[in-house]
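Here is what each chain is made of, one letter per residue.
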Amino acid sequence: MGLGKVAVVGAGMTKFVRRSLETPKELSWAAVKMALDSCNLTIDDIDAVCIGSAPDAFDGVHMKGEYLLDGSGGWRKPVMRSYVGGGTGVFTPIQGWYHIASGMFNNVLVVCEEKMSSCQPHPQGAFITIFDHTTERPLGPNLLWIFALEMNRYMTVHGLNKKDIALVSVKNKKNALDHPCAQIAENITVQDVLNSEVLAWPVQRLDVSPPSDGAVALVLSSEHYAKRITDKPVWIEGVGWCLDSAYWTDRDLYYPKYVEYAARMAYKMAGIREPRKEINIVEPYDPFDYKELHHLEGLLLADKGEAPKLTALGVTQRNGNMPVCPSGGLLGVGNPIAAAGLMKIAEIFWQLRGEAGKRQVPGKPRRGLAQAWGDLMQVGTVVVMGI
Amino acid sequence: MDWEKQKFFGTSLETEDFKKGRILTVQWKPALDYFYDTGIAIGRYLEGLREGKLTGVKCRKCRRIMVPPRSFCEWCFRPVDGFVDLKDTGVVQTFSLCYITWDMKRSKDPEIPAVIAIDGASPKMGIMHLLGEVNPEQVKIEMRVKAVWKKPEERIGSITDIKYFKPVK
Chain F
0 MGLGKVAVVG AGMTKFVRRS LETPKELSWA AVKMALDSCN LTIDDIDAVC
50 IGSAPDAFDG VHMKGEYLLD GSGGWRKPVM RSYVGGGTGV FTPIQGWYHI
100 ASGMFNNVLV VCEEKMSSCQ PHPQGAFITI FDHTTERPLG PNLLWIFALE
150 MNRYMTVHGL NKKDIALVSV KNKKNALDHP CAQIAENITV QDVLNSEVLA
200 WPVQRLDVSP PSDGAVALVL SSEHYAKRIT DKPVWIEGVG WCLDSAYWTD
250 RDLYYPKYVE YAARMAYKMA GIREPRKEIN IVEPYDPFDY KELHHLEGLL
300 LADKGEAPKL TALGVTQRNG NMPVCPSGGL LGVGNPIAAA GLMKIAEIFW
350 QLRGEAGKRQ VPGKPRRGLA QAWGDLMQVG TVVVMGI
Chain L
0 MDWEKQKFFG TSLETEDFKK GRILTVQWKP ALDYFYDTGI AIGRYLEGLR
50 EGKLTGVKCR KCRRIMVPPR SFCEWCFRPV DGFVDLKDTG VVQTFSLCYI
100 TWDMKRSKDP EIPAVIAIDG ASPKMGIMHL LGEVNPEQVK IEMRVKAVWK
150 KPEERIGSIT DIKYFKPVK
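Chains F and L are the protein sequences, given in the same order. Using numbering that gives the first Met the number 0, the letters of the first sequence correspond one by one to residues 0 to 386. Using numbering that gives the first Met the number 0, the letters of the second sequence correspond one by one to residues 0 to 168.
Chain F on its own, in the form it takes in the complex:
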């Protein structure tokens, strides 16, 4: 295609917490500093900055990209903020990828930040405007509705039980115990999930990730630079994204077709014909436990309705054949929207370099995939990385 090769060469992140003392700029600065330090670059080496952050309503700050610019290392550089709902954290590195693959830039910072705690009494309030203002909002919806409606459809079409799905929450919260930045890592049982408070049936308290504050940053480089910066570049081999209709009540929610299209786009670019054999580790978007399963199916890594079986058989455990969310995911590490998606890319980076510490999956994985999802069940973003 005439596109240049692009590698991730550095990564940094802050702790994910329910409410941080630090401002969004300070969180961004800390993540960027760690990412630059990790590959011995300075801000002068950076040609351009890609910022990802969720709707302005969370912070009550207009032009959030411009607001975050100084903390993101964007002073007097080409800077642009992208936003595709919850899919943002995996889209922003795609934006960084085409900045470099096009030949425009050599070293690009990708910075995703979210501070949801400013929005009171609950950041859920900032989500209400995703529903149609004339035909849906007069009904008094809240964000949990769409997840509950989708989860119920998924469970009913495939005849799944809540306990099949709760295993995901148990696994991810346990994996997160090994992540020093995790917000809600804990050892829980399936029974704990089933006994937790019902929010919007079938969604219960322990099925859900928390609102969080946090930031993640990556350094991306062109081939020429990447090979000089590090002996262990992690190449971005395939990218894909796809958005479905906002007329979400006209679609069958049991299967995320748009995630499949995004995955097919990324697999094609990466030359992957048999994703189940060729992808070693997966970080699918898991804001709710069922979403991990739903996305594994959309990514063609499990047959429709079969992802719960893989979980029950232990295939998706860190030491299983296809580790899924070895980081601990959004359910364990936390869910500062855009930053959560980029955390998944950073995790694949650390895992493929063999630098994931206690979270390292065995067997020297060579290829990983991160995926995010968002808006009215309509956004799929996918990145395939390899060494």
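Worth flagging that the hints you see were computed from the coordinates, not collected in a lab. Please note that the accuracy of each hint is not assured.
[Unchecked claim] If you want a taste of the chain F side facing chain L, the calculated C-beta under 7 Å gives, among others: (1) 19; (2) 20; (3) 59; (4) 124; (5) 127; (6) 134; (7) 137; (8) 148; (9) 197; (10) 198.
[Stated by the list, open to error] Okay, the calculated beta carbon distance ranges per label pair: (11) L:75 / F:185: 36 to 42 Å; (12) F:267 / L:28: 18 to 24 Å; (13) F:251 / L:108: 26 to 32 Å.
[Claimed, not checked] As a list, the in silico BS3-like pairs of lysine-lysine whose alpha-carbon atoms are at most 30 Å apart: (14) L:123 / F:303; (15) L:107 / L:149; (16) L:139 / L:165; (17) L:4 / F:357; (18) L:6 / F:76.
These figures come from a predicted structure and were not determined experimentally. Note that beta-carbon positions come from the ideal geometry of N, C-alpha and C, so glycine has one too.
Let chain F serve as the given structure and place chain L on it in line with the hints.
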């Protein structure tokens, strides 16, 4: 990357920090009103609701009958070929029993949001609404439901002119 030595930034605040006044905050409450215009297709939809009926649109090219109505077919990317009166009955595609409000306050009785595929529209073409006059434990996907309308004099041309959908045999 050495996870043992790496120091991570981020200072977690606790409720106690605020109670004891250890943290300073500035509060801002936006006071804005928005007046959303209906547009062409949804304007007709709301007129229909005021008259006690559901309205869709049809596209001759993809042969879909769509609801909520829209002025253009997003698949064929051409103008739709007119409005169609739909029935006020349908089939529950999915539902939830919701015990919390948007600001995470608990309610005793659940609200029951649902996606309802409307009779007369193409298969699985639905709208979001609420279910009522039903025992929450007996709601099922594939259940047939019918709109319960407000009295004609109370209707204002809004989705809430339908109070909710209730089960029908």
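To see whether the hints hold, each was checked on the structure:
The interface hint given for residue 19 of chain F holds, since its Cβ lies 5 Å from the closest Cβ of chain L, which is under the 7 Å cut-off. Because the beta carbon of residue 20 of chain F sits about 4 Å from the nearest beta carbon in chain L, less than 7 Å, this interface hint is met. Satisfaction of the interface hint for residue 59 of chain F is found here, the shortest Cβ-Cβ separation to chain L being roughly 6 Å, below the 7 Å cut-off. Given the 7 Å rule on beta carbons, the hint for residue 124 of chain F holds: about 6 Å separates it from the nearest Cβ of chain L.
Nearest Cβ of chain L to the Cβ of residue 127 of chain F: about 6 Å, under the 7 Å cut. The hint holds. Using the Cβ-Cβ criterion of 7 Å, the hint placing residue 134 of chain F at the interface with chain L is satisfied: the shortest such distance is roughly 5 Å. Restraint check, residue 137 of chain F versus chain L: the minimum CB separation of about 5 Å is within 7 Å; hint holds. Taking 7 Å as the C-beta contact cut-off toward chain L, the hint placing residue 148 of chain F at the interface holds, the least distance being around 5 Å.
Taken as an interface hint, residue 197 of chain F checks out: its beta carbon lies about 6 Å from the nearest beta carbon of chain L, inside 7 Å. The criterion of a C-beta within 7 Å of any C-beta in chain L is met by residue 198 of chain F, whose closest approach is roughly 5 Å, and the hint holds. Checked against the hint of 36 to 42 Å, the C-beta distance between residue 75 of chain L and residue 185 of chain F comes to roughly 51 Å, which is inconsistent with it. Look at residue 267 of chain F against residue 28 of chain L: about 49 Å separates their beta carbons, and that is not inside 18 to 24 Å.
One distance hint, 26 to 32 Å for the beta-carbon pair residue 251 of chain F and residue 108 of chain L, holds here, with the actual separation near 29 Å. The straight-line distance between the Cα atoms of residue 123 of chain L and residue 303 of chain F is roughly 19 Å, inside the 30 Å bound, and the hint therefore holds. This hinted pair checks out: residue 107 of chain L and residue 149 of chain L have alpha carbons roughly 25 Å apart, not beyond 30 Å. The straight-line distance between the Cα atoms of residue 139 of chain L and residue 165 of chain L is roughly 12 Å, inside the 30 Å bound, and the hint therefore holds.
Note on residue 4 of chain L and residue 357 of chain F: the hinted pairing holds, with a Cα-Cα distance of about 13 Å set against a maximum of 30 Å. Of the pairs offered as hints, the one joining residue 6 of chain L and residue 76 of chain F holds, with about 28 Å between alpha carbons and a cut-off of 30 Å not exceeded.
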